[in-house]
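Undergrad: Sequence:
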Amino acid sequence: MGAASRYCNLWRIDPAGDRTGYKRCFISLANEYAQNQGLGEAKDEAGDRSQQKNLQSDLLSRFQAPAADLIERSQAGLCLRCYVSEPILNACRKIDHLFGEDQCFTYRDLLPFVLNDDGKTLMVADPDGKAYLSLDPTGTPQPTTYRCFSIQILQTFKPNAKSSLSLDNWAFLQTKQHPDLKNFLSEFGFKQLSDWALLNRTRPKQLEQLAERDRVLVEVFHSVYRRDRHQQHQGKKRCQDPTSVQLQEMQTALQARNISIQPPALMSDLRRVASQLRQYDLWSHREPLELDDPETGDRMIRSDLPPDSSSKNNLEQHEQQELLDFFQAQLHLALVDSIQQEIGDRMTYLKKSKGYAALAEQLIPGLDLYYRQGIALKEIADLLKMSGWAQARRVLNPGELISSVRTSTIRRVLTQILKKAEQKGLTDLPPAPNYLENLSQQIEALADADVFQEAFEEIQAGKNRQMKSVYAQQLCHYLEACTKVTQGVT
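The opening residue of the sequence shown carries number 0 in numbering that gives the first Met the number 0; numbering runs sequentially from there.
Possibly wrong hints are sitting among the right ones.
Simulated crosslink set (PhoX-like; lysine-lysine; CA at most 25 Å straight-line) [said to hold, decoys possible]:
hint, residue 1, residue 2
1, 377, 350
2, 157, 467
3, 377, 353
4, 22, 181
5, 181, 157
6, 175, 204
7, 157, 52
8, 175, 22
9, 467, 175
10, 204, 418
11, 467, 483
12, 157, 175
13, 377, 418
14, 204, 119
15, 350, 483
16, 419, 204
17, 351, 384
18, 377, 467
19, 377, 181
20, 119, 22
21, 384, 353
No lab work stands behind these hints, which were simulated from the structure alone.
Let the sequences and hints guide you as you build the complete structure.
TA: In structure tokens, the structure reads:
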């Protein structure tokens, strides 16, 4: 399907369809508007990509302009609703593809949650996205309780943001993160596994992503915990905490491999490794959204989406795909290491500061109160006997911590990506300046979109903030481990 035709053809659910469960529908009103705006003149060759981008930007500016004519906004929106229906469909089919042959659902079960636009009604949303209006044949707006997912995608898309994604990939990501869709998946076993279940089921591919010492920890854990679990015939019962006897046996096995560690610290280390595995599962089932071709600057999407007869997006080389998969794992590992490093550096800085040395030991408890318990800085100051909000902010400084972790994470990922690219013959070391600049910018954009943008937004959300970002969750795992180690020592 040509790029221009995407603005007037909508992918829609077709329950009666025996083969696919969806169909492509021509939307005459969208086509008429597209023709009037010159979309029909655009071609699908690489030379017209900039023209397509400009046309899409024009449609988005019309749809998102709060003071514009409602009919104009809704017609531009209808074209864009057609456009985003394709990545919505692809995301559902991709989820189906990812979870293998033992699943109890197909993409057809997912479609009703997100592919819920029939294209028959002109619609707009107010600037804050809380109220939707449908337009009758005379153009008169009427409030509607119907929540069209494609409208939500368009309303939240920020094309001019520094780290903005393409509209295709924004729609793809929003679909995979749809709350109702995730709730549905949780009913089929995609729930939060315990630390011990994650460690117990670790596969060779996951072990390859761990540091050498952590691999040894998992191997010893398997030799004791997995053995006992098999002998106990636990079946589907939840994995219990390792017993003191099991921990002692693991400690002995680790000493034989030149790793000396006491049981309380061993528990903490095992939970830390489980946290890495948990994030590995997350990243291995999320798609890299896009990368820029370092030679042409063009956007590239993944090559391993399920085959689609209407698309030619499955032509990327295997080496490029391997590099993208590598990026996902490295972004998480870099985040874990950077959090630990930057908190340690922050602690060292406070201890050396004349004004804050006495408060250095309050850094971990303070961050724990802020992130794990959701307590405001002013209340933290009272709890930790600080002089007030300003002193608590200078000691904890959550925003500065995110910035330093972001810088460290991006630097680590860039180093690993360059090494991998050099191994695959995709670039030389040192890389060409243009290659390095493009790669750096794209890593920053993806890291911001997947980790740090949400981390910054949640600390600015006021007293009702909810710390649910990837960054916040990983930081909480680290803080929990620190707290347990401290309690074990005391």
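Undergrad: Between the alpha carbons of residue 119 and residue 22, is the straight-line distance 25 Å or under?
TA: holds, 15 Å
Undergrad: Would you check the hint for residue 175 and residue 204, treating anything up to 25 Å between C-alpha atoms as holding?
TA: Given that 25 Å is the threshold and the Cα spacing comes to 24 Å, the pair holds.
Undergrad: Given the proposed pairing of residue 350 with residue 483, does the C-alpha separation stay at or below 25 Å?
TA: Distance of about 22 Å is within 25 Å: holds.
Undergrad: Can you confirm whether the C-alpha distance between residue 377 and residue 350 stays at or below 25 Å?
TA: It holds: about 22 Å lies between the C-alpha atoms, which stays within 25 Å.
Undergrad: Given the hinted pair residue 157 and residue 467, is their Cα-Cα distance within 25 Å?
TA: Within the cut-off at roughly 21 Å; holds.
Undergrad: Run the distance test for residue 384 versus residue 353: straight-line Cα separation, threshold 25 Å.
TA: holds, 18 Å
Undergrad: Taking 25 Å as the top limit, are the C-alpha atoms of residue 351 and residue 384 close enough?
TA: holds, 20 Å
Undergrad: Does the alpha-carbon distance linking residue 377 and residue 181 stay inside the 25 Å limit?
TA: violated, 35 Å
Undergrad: Going straight from one Cα to the other, do residue 204 and residue 119 come out at no more than 25 Å?
TA: Cα-Cα ~47 Å, so violated.
Undergrad: Hinted pair, alpha-carbon criterion (25 Å max): residue 467, residue 175. Please report holds or violated.
TA: holds, 16 Å
Undergrad: Do the alpha carbons of residue 175 and residue 22 lie within 25 Å of each other, as the hint requires?
TA: holds, 21 Å
Undergrad: Is residue 467 close enough to residue 483, meaning Cα to Cα at most 25 Å?
TA: Holds. Residue 467 to residue 483 sits at ~21 Å (cutoff 25 Å).
In this structure, the earlier hints numbered 13, 14, 19 are contradicted, and the remaining ones agree with it.
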